[in-house]
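Asks: As given, the protein sequences belong to chains A, B and C, one line each in that order. Under our numbering, the final residue of the first sequence carries the number 357; numbering is consecutive throughout. Under our numbering, the final residue of the second sequence carries the number 357; numbering is consecutive throughout. Under our numbering, the final residue of the third sequence carries the number 357; numbering is consecutive throughout.
Take these hints with a grain of salt, some might be off.
Since the list can't tell identical chains apart, any single copy or any two copies may satisfy a pair.
Said to hold, decoys possible - Taking lysine-lysine pairs in the DSS-like style, the calculated list, with each CA pair at most 30 angstroms apart, reads:
#1 K97 - K144
#2 K183 - K104
#3 K263 - K314
#4 K263 - K183
#5 K350 - K95
#6 K263 - K97
#7 K263 - K144
#8 K21 - K295
#9 K350 - K117
#10 K350 - K314
#11 K104 - K144
#12 K295 - K95
#13 K144 - K21
#14 K95 - K21
#15 K80 - K314
#16 K213 - K95
#17 K144 - K95
#18 K295 - K97
#19 K117 - K314
#20 K314 - K97
#21 K183 - K213
#22 K314 - K95
#23 K117 - K104
If you are wondering where the hints come from, they were derived from the structure by calculation, not from laboratory data. Please read all numbers here as calculations on a predicted model, not as lab measurements.
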Amino acid sequence: MFVRNAWYVAATQNEIAGKMLARTILNEPVVLFKNGDGEICALEDRCCHRGAPLSLGDITACGVRCGYHGMMFDRSGKCVDIPGQTAIPARAKVKSYPVVAKGDYLWIWMGDAAKADPADVLDYPPDDQENWPRSNDVLHLKASYVMVLENLMDLSHLSYLHRTSIGSSETDSANATMDVKRTPRGMKFLRVMRNADAPQNWLKRYPTGKKVDRWSDFEYVAPNSIMQFSGGVNAGDYDAGVRSGSHLGRTLHTVTPETEKSCFYFFNKADGYTKFEDPGRERTWKPLTEVFKEDAHMLEQQQLRLDNFDPKNLMDINTDVARVQMIRVLNEQIRQEQEEMQQAQERKQPSMQAG
Amino acid sequence: MFVRNAWYVAATQNEIAGKMLARTILNEPVVLFKNGDGEICALEDRCCHRGAPLSLGDITACGVRCGYHGMMFDRSGKCVDIPGQTAIPARAKVKSYPVVAKGDYLWIWMGDAAKADPADVLDYPPDDQENWPRSNDVLHLKASYVMVLENLMDLSHLSYLHRTSIGSSETDSANATMDVKRTPRGMKFLRVMRNADAPQNWLKRYPTGKKVDRWSDFEYVAPNSIMQFSGGVNAGDYDAGVRSGSHLGRTLHTVTPETEKSCFYFFNKADGYTKFEDPGRERTWKPLTEVFKEDAHMLEQQQLRLDNFDPKNLMDINTDVARVQMIRVLNEQIRQEQEEMQQAQERKQPSMQAG
Amino acid sequence: MFVRNAWYVAATQNEIAGKMLARTILNEPVVLFKNGDGEICALEDRCCHRGAPLSLGDITACGVRCGYHGMMFDRSGKCVDIPGQTAIPARAKVKSYPVVAKGDYLWIWMGDAAKADPADVLDYPPDDQENWPRSNDVLHLKASYVMVLENLMDLSHLSYLHRTSIGSSETDSANATMDVKRTPRGMKFLRVMRNADAPQNWLKRYPTGKKVDRWSDFEYVAPNSIMQFSGGVNAGDYDAGVRSGSHLGRTLHTVTPETEKSCFYFFNKADGYTKFEDPGRERTWKPLTEVFKEDAHMLEQQQLRLDNFDPKNLMDINTDVARVQMIRVLNEQIRQEQEEMQQAQERKQPSMQAG
Ligand code: FES
Ligand code: FES
Ligand code: FES
Chain A
3 MFVRNAWYVA ATQNEIAGKM LARTILNEPV VLFKNGDGEI CALEDRCCHR GAPLSLGDIT
63 ACGVRCGYHG MMFDRSGKCV DIPGQTAIPA RAKVKSYPVV AKGDYLWIWM GDAAKADPAD
123 VLDYPPDDQE NWPRSNDVLH LKASYVMVLE NLMDLSHLSY LHRTSIGSSE TDSANATMDV
183 KRTPRGMKFL RVMRNADAPQ NWLKRYPTGK KVDRWSDFEY VAPNSIMQFS GGVNAGDYDA
243 GVRSGSHLGR TLHTVTPETE KSCFYFFNKA DGYTKFEDPG RERTWKPLTE VFKEDAHMLE
303 QQQLRLDNFD PKNLMDINTD VARVQMIRVL NEQIRQEQEE MQQAQERKQP SMQAG
Chain B
3 MFVRNAWYVA ATQNEIAGKM LARTILNEPV VLFKNGDGEI CALEDRCCHR GAPLSLGDIT
63 ACGVRCGYHG MMFDRSGKCV DIPGQTAIPA RAKVKSYPVV AKGDYLWIWM GDAAKADPAD
123 VLDYPPDDQE NWPRSNDVLH LKASYVMVLE NLMDLSHLSY LHRTSIGSSE TDSANATMDV
183 KRTPRGMKFL RVMRNADAPQ NWLKRYPTGK KVDRWSDFEY VAPNSIMQFS GGVNAGDYDA
243 GVRSGSHLGR TLHTVTPETE KSCFYFFNKA DGYTKFEDPG RERTWKPLTE VFKEDAHMLE
303 QQQLRLDNFD PKNLMDINTD VARVQMIRVL NEQIRQEQEE MQQAQERKQP SMQAG
Chain C
3 MFVRNAWYVA ATQNEIAGKM LARTILNEPV VLFKNGDGEI CALEDRCCHR GAPLSLGDIT
63 ACGVRCGYHG MMFDRSGKCV DIPGQTAIPA RAKVKSYPVV AKGDYLWIWM GDAAKADPAD
123 VLDYPPDDQE NWPRSNDVLH LKASYVMVLE NLMDLSHLSY LHRTSIGSSE TDSANATMDV
183 KRTPRGMKFL RVMRNADAPQ NWLKRYPTGK KVDRWSDFEY VAPNSIMQFS GGVNAGDYDA
243 GVRSGSHLGR TLHTVTPETE KSCFYFFNKA DGYTKFEDPG RERTWKPLTE VFKEDAHMLE
303 QQQLRLDNFD PKNLMDINTD VARVQMIRVL NEQIRQEQEE MQQAQERKQP SMQAG
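From just these sequences and the hints, can you work out the full model?
Replies: This is the structure in structure tokens:
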């Protein structure tokens, strides 16, 4: 089940540079591109004539011309040319999706277009390449988007799955404080490890000492995004309100379902410490993709194990507090949207009993 | 749905040169080969003993010996030897299919053998290698055979899908006249582009001028074949009855369903101008396979887009006139055959009500 | 359908040397390994927390630590550590399977653990590396385990499928005597070819003459194993009770279902003639894997032909006598176990009518 009335990342802006991108989103075939006039288009990737993918056609000034028999569609999905005939029937159209370019991404609305408000598109991480240089990547996973979100809302996995990469020690992990609370758009947690060992690569890179306070502030914006603010300061400084001096990052994690069992995981990190660094040092971005591939492998295998398994046989543990809260928020949003769609349906087709 | 009572191309003659060919046709596993006596055999590719593919066995004088436990079958499918026993029960047999070698092909009958008349096998293109040298090829497509037929019955796609290969200009295309009519075995269309631009490669190859009349005469023989006669003459000559002098070809397109969503597309072109050509010139055949690969890619992607999509949401346009007529003929033939099978079934098992 | 209350080979001992092995057995994901204390563990390969495969975790002294969030399980499947909490609920556990190391194998019990008796594990072939040096291999087949057993119980296929490798001549095959009888644990057959041609490689390897008596004594131990004793002696010697002097082997064939349509075929041959051989000669083991690959290819193709085919359309022949008997024994064992499970179920939940 998906929430349809929400902005999902359809692609990075780079992915449509000079070409059309065909991608299945929430089970629907979508083609994304910039038309000749430079406007971003997101259309159903299935011509209304014989079903050919529009992504195999050609970009025109106003939209796209189907590569099979040449029907042309503008960015609203309306057919504006049918070779061999002058009259264009009203039903000659394909679905078009609201789309917004913001930050490094194209955001798409798969639900009721009347409800799509560009103001709701996330404004994160900071669009400030000088002070917060960003980098991003995307992984295609054969796993439910829900599993990716759950993975992020339960940082206890860092000490195990990422032990050899970004993980903290089990002891520091066990001593972490954890605050979870609802927010208007979802929920959030704040996890702080005080007086913890600084990771080896922090010692090389940052001026902070061997003992640090580390925080992870994760806000889940339902149904699909997590805004992460995390960093480190010298031990003792966190409670004094210091929020910079060592590792410092704002990361947007956002997951777009392809199907029920596959998704695109987009991550985008703004590094707040970079400009203080020795410019000779290597960027640490590449390893982050490597780290997330550790997750990807685990999640795909997890998906296989759960394919024919009743989740009621699974159990929650203490460290699941944020994850469980997140699932509750997501399920509530799905339930609510289903209910609204049901009601809208009934308003259109009053039931027999109403007569 | 398939029409069963019809001749389908099972393979080219070349495909069984010195070997057995295993191929699924209309969802049934078939093995094709020449027995030791030189007779063509088309048998169920599943031994009646334990189901082994006979195509893994050995050719014998009368037929094939199963490679698993050695049962031997003649070309009628009757078992003629069971190792270790002398009595051969009547039910020791596999299905055999009527098969006819004609032209470059082996034609198979997948329906009621009593209805198979070799005289119905198409006699096209002309079997005259000197004046009409033929060449043929086959493509395996992950798309319904119906889509391949539809593709051929709607030449408006030439200006788009084949724009860079065999396509005519959009203007010439738009000015084409189109006559569609029913025929005893199906339907046909005649499409003529008068005073059109001669394609670049025609200018190099033929003595005709820059302006030509081009015709395409396509006869659909239900359920699976299309006989194409097309060519060009100097502009103005077509209506004067001239039918040669430039590009001239007779092509048989015939499609054999493998499953509901995959097929074998056989095409066979006889070139009527070849003998007038400068022998030093390169044959133009190879490009034709390349052209049809453009169709193949489109059709396979189209199939994917329609897999979970209600075709009622698609729409016809003016250029579909021949395609729509063709589909009507095909569906009518399917409906009629289903009805006959139903009735035959009822004659065998009279219904309760009849009592 | 599978018999669950039986010992199946889960793996060779080698397959868990210093690592965890993940394998699906009877449709269940299993992880096999030796814990730090050297005990063999066979656990459900799906953590009870979020379903991660335990095979992606780390081996500990008592068992395994999940690689996702660190829960630790001992070899009984009981959770003994949950990071971040002290209380361990009773339901924190994964399924564990009885497992026995014997000979070259790890044997697993997929059914009711209360019925698992290690004494029932086969004691075959002889555990005597000096006089009966063993070698073994395993093939993964995309075919039902039943087909593998059937293949072994019908040696008539040797003259056809293995004609160019280990097959005997068709005449010798046809003259073979065949005795089939029930046994307490299944059934067995004895097949003797008297005064048969010695295979070429026997002539090179053994001191026997050109004419030999060959015997194959196959005992099927339901549901999954076949103990083979076969060899050759000089023609005439077999009926005089001689049982060695030429080719001599004891082979265990045992098949473990992965799913309904795939399995692991383990074979293990003890060679009783080896010690009399010229040590300079090449071992003949490798060819045996090659021979069984001939079976594997045939069985996988057979499986495909039977996937959508009613087996009632197949027929038995005379040489099927042992195979048919074997199937009867297997089906009876399946039926009986299903019945017992049904009754046990009813004892737990007395039917409404009983009230
Ligand atoms: S399928 Fe697009 S124009 Fe025909
Ligand atoms: S399967 Fe063909 S003879 Fe046995
Ligand atoms: S999935 Fe194993 S500890 Fe979480």
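Asks: Does each hint hold? Answer for all of them.
Replies: Checked hints:
1. K97 - K144: Close inside one copy (27 angstroms) and across copies (26 angstroms); limit 30 angstroms.
2. K183 - K104: within (28 angstroms within a copy, 55 angstroms between copies)
3. K263 - K314: both (19 angstroms within a copy, 28 angstroms between copies)
4. K263 - K183: within (29 angstroms within a copy, 49 angstroms between copies)
5. K350 - K95: within (23 angstroms within a copy, 50 angstroms between copies)
6. K263 - K97: The answer is both: 24 angstroms in one copy and 26 angstroms across copies each meet 30 angstroms.
7. K263 - K144: both (6 angstroms within a copy, 24 angstroms between copies)
8. K21 - K295: Both: 27 angstroms inside a chain and 22 angstroms across chains, each within 30 angstroms.
9. K350 - K117: Close inside one copy (18 angstroms), not across copies (54 angstroms); limit 30 angstroms.
10. K350 - K314: between (37 angstroms within a copy, 21 angstroms between copies)
11. K104 - K144: For K104 and K144, the Cα distance is within 30 angstroms only inside one copy (27 angstroms; across copies 39 angstroms).
12. K295 - K95: between (40 angstroms within a copy, 28 angstroms between copies)
13. K144 - K21: both (25 angstroms within a copy, 26 angstroms between copies)
14. K95 - K21: within (22 angstroms within a copy, 52 angstroms between copies)
15. K80 - K314: between (47 angstroms within a copy, 18 angstroms between copies)
16. K213 - K95: Cα proximity of K213 and K95: none, with 62 angstroms in one copy and 37 angstroms across.
17. K144 - K95: Between copies only: 27 angstroms across chains, 32 angstroms inside a chain, cut-off 30 angstroms.
18. K295 - K97: Cα proximity of K295 and K97: across copies only (29 angstroms, versus 34 angstroms in one copy).
19. K117 - K314: between (35 angstroms within a copy, 28 angstroms between copies)
20. K314 - K97: Answer is between; shortest inter-copy Cα gap is 15 angstroms, intra-copy 38 angstroms.
21. K183 - K213: within (28 angstroms within a copy, 78 angstroms between copies)
22. K314 - K95: Result: close only across copies, 14 angstroms inter versus 44 angstroms intra.
23. K117 - K104: The answer is within: 18 angstroms in one copy meets 30 angstroms, while 64 angstroms across copies does not.
This entry does not satisfy hint 16, going by the numbered hints stated previously; all others are met.
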